[in-house]
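S.K.: Here's the letter readout for the chains.
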Amino acid sequence: MRYYSIVALLGLVALTGCGADTKSGEVKVQGTVSIDGQPVPTGSISFVAVDKSTPTGGGVIKEGNFTGYTMQGEKKVLIVGNKIVGQVKLYDTPDSGMRDKYESIVPPVYNAVQLTPLTVTIDGPRDDLSFELDSKAK
Amino acid sequence: MVIAIIGVLIALLLPAVQQAREAARRMQCTNNLKQWTLATHMFADTYRDWFPLGGMNGTDNPTKVQNGRSYHRVTWAVQLWPYIEQTALYDQYDFNEHFHNGPNPATLRVAVDGYYCPSDKVGAIQDQGDANWRVLGNYTANMGNAHLHHTGADAAAYLGSPFRIRHVSRLSEVTDGTSNTACFSELIIASPDATDDSRGDFLNNEGSPGFMSLLTPNASSPDQCIQCKDSAEDANNVDFRRIPCSSVGQPHEMQMAARSQHPGGVMVSMCDGSVRFVSETISQGNWEATLSTYGGEVISE
Numbered sequence: 001m002r003y004y005s006i007v008a009l010l011g012l013v014a015l016t017g018c019g020a021d022t023k024s025g026e027v028k029v030q031g032t033v034s035i036d037g038q039p040v041p042t043g044s045i046s047f048v049a050v051d052k053s054t055p056t057g058g059g060v061i062k063e064g065n066f067t068g069y070t071m072q073g074e075k076k077v078l079i080v081g082n083k084i085v086g087q088v089k090l091y092d093t094p095d096s097g098m099r100d101k102y103e104s105i106v107p108p109v110y111n112a113v114q115l116t117p118l119t120v121t122i123d124g125p126r127d128d129l130s131f132e133l134d135s136k137a138k
Numbered sequence: 001m002v003i004a005i006i007g008v009l010i011a012l013l014l015p016a017v018q019q020a021r022e023a024a025r026r027m028q029c030t031n032n033l034k035q036w037t038l039a040t041h042m043f044a045d046t047y048r049d050w051f052p053l054g055g056m057n058g059t060d061n062p063t064k065v066q067n068g069r070s071y072h073r074v075t076w077a078v079q080l081w082p083y084i085e086q087t088a089l090y091d092q093y094d095f096n097e098h099f100h101n102g103p104n105p106a107t108l109r110v111a112v113d114g115y116y117c118p119s120d121k122v123g124a125i126q127d128q129g130d131a132n133w134r135v136l137g138n139y140t141a142n143m144g145n146a147h148l149h150h151t152g153a154d155a156a157a158y159l160g161s162p163f164r165i166r167h168v169s170r171l172s173e174v175t176d177g178t179s180n181t182a183c184f185s186e187l188i189i190a191s192p193d194a195t196d197d198s199r200g201d202f203l204n205n206e207g208s209p210g211f212m213s214l215l216t217p218n219a220s221s222p223d224q225c226i227q228c229k230d231s232a233e234d235a236n237n238v239d240f241r242r243i244p245c246s247s248v249g250q251p252h253e254m255q256m257a258a259r260s261q262h263p264g265g266v267m268v269s270m271c272d273g274s275v276r277f278v279s280e281t282i283s284q285g286n287w288e289a290t291l292s293t294y295g296g297e298v299i300s301e
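Chains G and F, in that order, give the protein sequences.
When you line the first sequence up against this note's numbering, it's residues 1 to 138, in that order.
When you line the second sequence up against this note's numbering, it's residues 1 to 301, in that order.
Since the hints were made in silico from the structure, they are not lab data.
In this text the structure is predicted, and so the values were computed from the model without any measurement.
Honestly, I wouldn't trust all of these hints.
What the hints assert, rightly or not - Here are some chain F residues pointing at chain G (derived, C-beta under 10 Å):
hint, residue
1, Ser246
2, Gln250
3, Gln284
4, Glu288
Unchecked claim - Listed next, the in silico DSS-like pairs over lysine-lysine satisfying Cα-Cα at most 30 Å (straight line):
hint, chain 1, residue 1, chain 2, residue 2
5, F, Lys121, G, Lys89
6, G, Lys62, G, Lys52
7, G, Lys101, G, Lys138
8, G, Lys136, G, Lys52
9, G, Lys62, G, Lys101
10, F, Lys64, G, Lys89
Each residue gets a CB set at the ideal place from its N, CA and C atoms; glycine is no exception.
Next comes chain G alone, as it looks inside the complex (with noise of 0.2 Å):
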């Protein structure tokens, strides 16, 4: 009988053992980014809560798609927008190895908390947000 206390008691600790404090309440959300009606080629998305009581979360932006996770809530967006121009070296040496250079084409506007225009309220899983971005704003 001791013995089947003991495996009771070994259920009751594998169910009440993993109750982490984990970012499980993120959402996924998927959408566009375009900007003056073209699809953004590369760059990223920040969803930060407009009273900053949540973490921030965000995803990546590839040919105009994004896919990323957040909280739920009233969210300020952010935007960084790059398109790949050619090639660039690493350091200023005569070995240096290569890498894609990125020439930004989203305004810095859209990339600062206190001046985006941009913002959505996350009340759940979203596959079609859209934001709409302008070149000359400012």
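Dock chain F against chain G, hints included.
M.R.: Using the frame of chain G, we list chain F on its own:
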């Protein structure tokens, strides 16, 4: 029956042993963070109130900064060598050259114990086929609520940080209190034996010398680096949930979160030398308050 009991006991013990190992690794990681922070204090004693320079970039070198000294491309770690008992490396290093020139690359190929968190990839180095390969490391300095190089918007919102690129800060500037302000934290070495990801390249001013409060610890929002490995940009890869990344061209777009292999959060050393665990569920507001040196915020938890 006896065997069954032994089985039960082993089952009980095994996961606990694994947890104990991680706890031990985390303790060692905590110690490393403490050493870097104490080294910073010894530096500030020697150089009258100045923090080490977070890093110097490659424009107009040598560049004179607020402490009256001039620098070529370098990061904070090299300046702290004498205070972590690496005087021999320090003596070999030539501060009149960039980190990738002269005698300097040889000094950056020594895998010092204190560079690595035992929970991550101890001893990790870059691809030795690369002419400029270096060792990697897990530790990273607090660069506050701004990108690696500040944008105009960053400059307007900046609330101070112990470390910066091209600028030095003073210990006496930490008016939020040294016990309330982060000094160092950790990140995950993204790509050992390669040169396709900047994270871990903490000896390079354009690698991962700093972490920022723009992203909360272990954020789902991507780091923005000069180089990101493909898997970290791919939403279908496991790396996307651990070390998400997006490549950018300019240092004023670069930002990196504190990230770690410890379950649920990161270790952070405060400027008074204490080290604490910060949960990845910390709010954006509290994280900004923890990283700022003179923000005057109340950290509410």
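S.K.: Against each hint, give a clear statement of whether it holds in the structure.
M.R.: Cross-check of the supplied hints:
| no. | hint | in the structure |
| --- | --- | --- |
| 1 | Ser246 | holds, 4 Å |
| 2 | Gln250 | holds, 6 Å |
| 3 | Gln284 | holds, 4 Å |
| 4 | Glu288 | holds, 7 Å |
| 5 | Lys121/F x Lys89/G | holds, 28 Å |
| 6 | Lys62/G x Lys52/G | holds, 27 Å |
| 7 | Lys101/G x Lys138/G | holds, 25 Å |
| 8 | Lys136/G x Lys52/G | holds, 28 Å |
| 9 | Lys62/G x Lys101/G | holds, 16 Å |
| 10 | Lys64/F x Lys89/G | holds, 26 Å |
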